[in-house]
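Participant: So you can see what is in the structure, the chains are spelled out below.
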Amino acid sequence: MEQTYTFTSEDLQEIETIKAKFPAVMPATLPVLWVAQRRFGHVEPAVQRLVADTLGLPEAHVHGVATFYTQYYKEKKGKYVLDVCTTTSCQLCGGYEMLHYLEDKLGIKAGETTEDGMFSIQSVECLGACGYAPMMQITNDVYVNNLTEEKLDDVIESLKSGKMPEFESVGMPLLEKRNI
Amino acid sequence: MAVDWKSYKPVIIPDIPNLQELDVYLKNDGYTALKKVVTGSDWTPESVVNEVKAANIRGRGGAGFNAGLKWSFMPKPDGGPRYLACNGDESEPGTFKDRKIFEYNPHLFIEGALIAAYAMQVSTIYVYIRGEYYSWIKMMEKALKDAYDRGFIGKKIFGSDFSVDFHVTSGAGAYICGEETSMLESLEGKRGYPRVKPPFPAQKGLWGRPTTINNIETLANVPLVINKGADWFKGIGVETHPGPVLYGISGHVNRPGVYELPSGVPVFDLINEVAGGMRNGKKLKALIPGGSSTPVLRADQLEGVSMDADSLREAGSMMGTAGMIVMDEDTDMVDMLWRISHFYHHESCGQCTPCREGTGWAEKILLKIKNGNGEIRDLDLLHTVANQMEGRTICALADAAAWPIRNTINRFRDEFDARCKKSVHAVA
Ligand SMILES: Cc1cc2nc3c(=O)[nH]c(=O)nc-3n(C[C@H](O)[C@H](O)[C@H](O)COP(=O)(O)O)c2cc1C
Ligand code: SF4
Ligand code: FES
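Protein chains in written order, with the working numbering: chain A, 1 to 180; chain B, 1001 to 1428.
Derived by calculation from the structure, the hints in this document are not laboratory data. Yeah, the Cβ is synthetic: ideal placement off N, Cα and C, and Gly gets one too. Treat the hints with care, as some may be off.
Stated by the list, open to error - Computed cross-link-like contacts, DSS-like style, restricted to lysine-lysine with a CA-CA straight-line distance of at most 25 Å:
id : chain 1 : residue 1 : chain 2 : residue 2
1  : B       : K1027     : B       : K1142
2  : A       : K21       : B       : K1190
3  : B       : K1190     : B       : K1076
4  : B       : K1190     : A       : K76
5  : A       : K76       : A       : K105
6  : A       : K74       : B       : K1197
7  : B       : K1204     : A       : K19
8  : B       : K1370     : B       : K1282
9  : A       : K19       : B       : K1142
10 : B       : K1145     : B       : K1155
11 : A       : K19       : B       : K1145
12 : A       : K109      : B       : K1204
13 : A       : K21       : B       : K1027
14 : B       : K1370     : A       : K109
15 : B       : K1027     : A       : K19
16 : A       : K151      : A       : K109
17 : B       : K1138     : A       : K163
18 : B       : K1053     : B       : K1027
19 : A       : K21       : B       : K1138
20 : B       : K1364     : A       : K21
21 : A       : K19       : B       : K1156
22 : B       : K1156     : A       : K21
23 : B       : K1142     : A       : K21
24 : A       : K79       : B       : K1138
25 : B       : K1204     : A       : K21
26 : B       : K1053     : A       : K19
27 : A       : K109      : B       : K1364
28 : A       : K19       : B       : K1138
Stated by the list, open to error - Here are some chain B residues pointing at chain A (derived, C-beta under 7 Å):
id : residue
29 : P1045
30 : E1132
31 : S1163
32 : H1167
33 : E1188
34 : S1250
35 : P1256
36 : G1257
37 : I1325
38 : R1339
One chain only, chain B, in its complex shape (with noise of 0.2 Å):
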């Protein structure tokens, strides 16, 4: 059965004028959900775990996890310090849906990250935002002095004897700092390089703490299980996958623009619809789904897929963070391909080998196919970096740099062939 996205109605950027307001966001029903949870004795930490947990709310950082389930990992309190880091690094590119939060409606991702920490029993929280987004930093920091201003955030709130504090910090330029361990490093005031796991942040986080780690839109959701039930929240989109979810539509479509409709919202229909179509009539070529780092899928490939975690699977990708970059018959692969690994390379902080080193002959060896100065063997020379690339490294940022590589270079094989036949005539 196929969504039915025509009739729904926005819930976590809804159309209401002015929504970043506090007053106006308290007129629709602002903060209710964690007056009840911290004020009512039906909830308790472990219920509201429970509640987030059953709706299965998965991570929109771009690793699809239980957000429930992860809170669930959090060590029982010590009377020590306990963390929640909220990710708004947003850099993977084809990724621009948190900042729309923060700029439409700051107060329910707010509400949703003073829920989980009530439900974690957390003490502080920080958000954590890219630098550039300088623009929204500050439209963070109003609404966090006017939530503080109104006792939402701070010292016995709702005259519970829930506390709890929650500051605005920012990056400076590193997508690695996305990676919730090299986050967590650049919070506590260093160079951005990723951990090793374990021990996981649950364990030792932030000051060696125990520190959560979510993502902005998944906090966002968390204010509508509370108020509406995680069956409410199941029943939206699909059921592995369920809940609204901002699409970020960018490349080569007529309407651009980030959508929330809900999840599994077949990729056609997104495209040709809901954006508009492709842009000067031309026709699809190519789709990376979710964030540059899922792997390309070829139009036809598109057939009857929808945007969720299982139907893309089969299709050969993944979900991401349903940052999709759509491109037309002109586009050169081989450039794009070139192009996504000059950002790999850019962007490895260097620790490891494989990734420091693959992602630079990576990107060396393709700026030579792009040249037309490259040999088939090359393209078995990108396969072999991509496969020792792979899975040997602290983090993810070496598979998210190796999976457009090989897929990339074997979905459009014949076009990476052409480029490089010159030479192999010149040889033979």
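One chain only, chain A, in its complex shape (with noise of 0.2 Å):
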């Protein structure tokens, strides 16, 4: 049996407020999906039925678009997501080291989760914290900076009991206070 999903009454207020912005009710299909997304923890297709319902257009049409999109999630994952970036600077820097440091932790590769559901692991591209390297994302919200295997061994550990990291927000360095 295929689960349905409905959107609460406040998802739907939410919606409303979307389709507000816009002069037409297409353009509200990315950010409903993402509200689809934060509440069911994915767009898998039923997911993609109720977003096209609500809205009134075509499922092919929301099909189009959730697949188009890296950060929808097309299928069930992780409870976590770890993203770690892995393009030009990250590389640099030792992202990829981090990568499988993290594949080897927890047991699986990038694009697989854990059989407990916790972790996912994805390889992804630059995240725009080039300067933070090498970094990763934790299930499309908070960045992680400057990574280590100790800070991920730390983050790991409180993601188990159901802690997210906080925001980190990094500077701009003065230039003022370095003597140069």
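With the hints as a guide, bring both chains together as one complex.
Facilitator: Right under this line is the structure:
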């Protein structure tokens, strides 16, 4: 039996706010897919159908959009999705070493999910944090910068107890304070 | 004359604590430029366009086009909707500067976009932020709400006849959506396939209506130009590419980060002084000066080069987004080029055959070379692939993918030859 999904009344209210931003309904597709993914953890086909029905758009359209953008999970993922950046700046600063360390630690390869459903690992493209390489993002949310093996150990430990790391603000290095 | 950067005081992201809070921004002349243009009798939409054009703010999204000149391409208002779409997609590898504006001075960008909207008589502004920047999207949503609540956005701003709406929208993971027409498609709720030009967005943009696209950093310069004048702006940095620049420095340096300095700072000063020199005392090998699509330069090509469009062109590269990727002597250029090619293959939207197939072939051949199975003729094949990609496609992603291939191989030919040699001997 395929699972059925429904939006809460809160979600529906948010969807109305989103629709009001645009002169048509179609532009709500991406933001409503986000609402759905944050609610259900993924946008597998049954969720895409819900989005299509809610907006009165063809399912084929919503499916086309969901499959174009990499951040939408077209199937169920782990509770925490670890997106390790391996693009140029991160590659130069050890991004692949961090990825492989995580793979060994969790016993899965990039693209896979642990058996207990806790973790997925993905090797992803530049996340716009190149100066803080190597880095990763957790489940489309918080960035973890300047990764080391120790830092990864700590993050995994805290995620196991259900605690997301906090947002790390990386300052603008102020020239005045550097005596140059 | 070298640019005097040591005495420079940042203006885009000045050293003022909590400037991201609206009250702090207001205490520091916030929204005075907007007030001036919408209520002052000495400003009209045309005069704002002209002042910004005179300042020659060259687009900070990569192409370096004069912002005021771009605004002047908007057709005369016909009573229908017109749009400004602010590009916060920031996905070019090596680039991480616009998020600093979202985090540390969002109201400067908002004010700049509002002035741009006034100048082009736009009714709705969208800021499109890459989906990965979830934390920064939240910051922008808060800043916009605060500005709405105080009446800087909405109906009859400062009691004038100027009304405008301003919304945040987000992507969901696709580098191509930074290309301006792809961004418009994405904003319209579709797959991000770039559009064929012409028609240009100024004629037919969002929902077929006149639309201008500007980068976040570009717009953040606008209130400064209005408050201090085009001449002040042109006095910062080099004349042909004036103004402050947010340099993003990453890779093998001691202090990577985003630094605001005048345009035209010598490359060696940025690496050795600003970013604290090379990590672990290693020697500099190469630099990608402005994001991954700008051609890599060898250390010996950097003598006397500074970060501005002309100097970099003479050296054989481009300013791009000023996202500098610094590489030390241990860097494997074959691995580096393979990874960049993987990126462009992954991000090609697939509409054009030369791009879809070319990026795939390039990645495959480079993987073969990287794994020690390449032959010298594969390098020629890579050149052929690059030639067939360039200038034959709907958008510039194919060019952006071709340039690194050609230039990295040409400029580090020995290294590529050495990786191929084994199989050549095996054949001989
Ligand atoms: C493949 C590709 C990706 C791009 N990505 C971005 C981007 O992430 N951010 C950006 O501002 N401009 C990007 N651009 C440039 C935009 O198309 C456009 O020129 C720019 O946003 C215009 O703003 P500006 O004139 O203020 O620089 C990209 C262009 C191409 C071809
Ligand atoms: S050049 Fe590449 S990315 Fe651009 S439209 Fe064509 S296939 Fe898509
Ligand atoms: S290369 Fe990893 S964040 Fe940009």
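Participant: Against each hint, give a clear statement of whether it holds in the structure.
Facilitator: Evaluation of the provided hints:
1. For the hint linking B/K1027 to B/K1142, the alpha-carbon distance of about 19 Å falls within 25 Å, and the restraint holds.
2. Between A/K21 and B/K1190 the alpha-carbon distance is near 16 Å, which keeps this suggested pair within the 25 Å criterion.
3. For the given pair, B/K1190 sits about 28 Å from B/K1076 by alpha-carbon distance, which is inconsistent with the 25 Å threshold.
4. The hinted pair formed by B/K1190 and A/K76 meets the criterion: a straight-line CA distance of about 23 Å does not exceed 25 Å.
5. For the given pair, A/K76 sits about 22 Å from A/K105 by alpha-carbon distance, which is consistent with the 25 Å threshold.
6. A threshold of 25 Å between alpha carbons decides the hint, and for A/K74 with B/K1197 the separation of about 32 Å lies outside it, so the pair is violated.
7. The straight-line distance between the Cα atoms of B/K1204 and A/K19 is roughly 22 Å, inside the 25 Å bound, and the hint therefore holds.
8. Distance check on the hinted pair: B/K1370 and B/K1282 sit about 24 Å apart at the alpha-carbon level, within 25 Å; holds.
9. For a cut-off of 25 Å, the pair hint linking A/K19 to B/K1142 stands: about 19 Å separates their Cα positions.
10. This hinted pair checks out: B/K1145 and B/K1155 have alpha carbons roughly 14 Å apart, not beyond 25 Å.
11. For a cut-off of 25 Å, the pair hint linking A/K19 to B/K1145 stands: about 17 Å separates their Cα positions.
12. Restraint check: the Cα-Cα separation between A/K109 and B/K1204 comes to about 46 Å, which exceeds 25 Å; the hinted pair is violated.
13. Pair hint A/K21 plus B/K1027 does not hold up; C-alpha atoms about 31 Å apart against a cutoff of 25 Å.
14. Taking the CA atoms of B/K1370 and A/K109, the gap is about 21 Å. The hint holds against a cut of 25 Å.
15. Restraint check for B/K1027 and A/K19: not satisfied, since their Cα atoms lie roughly 35 Å apart, outside the 25 Å limit.
16. Restraint check for A/K151 and A/K109: satisfied, since their Cα atoms lie roughly 20 Å apart, inside the 25 Å limit.
17. Of the supplied pair hints, the one linking B/K1138 and A/K163 holds, its CA atoms being roughly 20 Å apart against a limit of 25 Å.
18. Under the criterion of a C-alpha separation no larger than 25 Å, the hint pairing B/K1053 with B/K1027 is inconsistent with the structure, at around 28 Å.
19. For a cut-off of 25 Å, the pair hint linking A/K21 to B/K1138 stands: about 16 Å separates their Cα positions.
20. Only pairs whose Cα atoms come within 25 Å are accepted, and B/K1364 paired with A/K21 is rejected, the gap being roughly 43 Å.
21. Of the supplied pair hints, the one linking A/K19 and B/K1156 holds, its CA atoms being roughly 23 Å apart against a limit of 25 Å.
22. A threshold of 25 Å between alpha carbons decides the hint, and for B/K1156 with A/K21 the separation of about 19 Å falls inside it, so the pair holds.
23. Distance restraint check for B/K1142 and A/K21: the Cα-Cα separation of roughly 16 Å lies within the 25 Å cut-off, and the hinted pair is therefore satisfied.
24. Note on A/K79 and B/K1138: the hinted pairing holds, with a Cα-Cα distance of about 22 Å set against a maximum of 25 Å.
25. A distance of roughly 20 Å separates the Cα atoms of B/K1204 and A/K21; the hinted pair therefore holds under the 25 Å criterion.
26. For the proposed pair B/K1053 and A/K19, the alpha carbon gap of about 36 Å is over 25 Å, so the pair is violated.
27. As the CA atoms of A/K109 and B/K1364 are separated by approximately 21 Å, the hinted pair is consistent with the 25 Å bound.
28. Between A/K19 and B/K1138 the CA atoms are separated by roughly 18 Å; this keeps the pair inside 25 Å, and the hint holds.
29. Against a cut-off of 7 Å between C-beta atoms, the interface hint on B/P1045 is violated, since the closest Cβ of chain A lies about 23 Å away.
30. For the restraint placing B/E1132 at the interface with chain A, the shortest Cβ-Cβ distance is roughly 5 Å, inside the 7 Å limit, so the hint holds.
31. For B/S1163, the interface hint is violated, since its Cβ never comes within 7 Å of a Cβ in chain A; the closest pair sits about 16 Å apart.
32. For B/H1167, the suggested interface contact is upheld, since its CB lies about 4 Å from the closest CB of chain A, less than 7 Å.
33. A least Cβ separation of about 5 Å between B/E1188 and chain A falls short of the 7 Å threshold, and the interface hint therefore holds.
34. Interface restraint check: B/S1250 against chain A, minimum CB-CB distance 4 Å, threshold 7 Å, status holds.
35. Taken as an interface hint, B/P1256 checks out: its beta carbon lies about 4 Å from the nearest beta carbon of chain A, inside 7 Å.
36. Against a cut-off of 7 Å between C-beta atoms, the interface hint on B/G1257 holds, since the closest Cβ of chain A lies about 5 Å away.
37. Satisfaction of the interface hint for B/I1325 is found here, the shortest Cβ-Cβ separation to chain A being roughly 6 Å, below the 7 Å cut-off.
38. With a cut of 7 Å, the hint placing B/R1339 at the interface with chain A holds, because the nearest CB-to-CB distance is about 5 Å.
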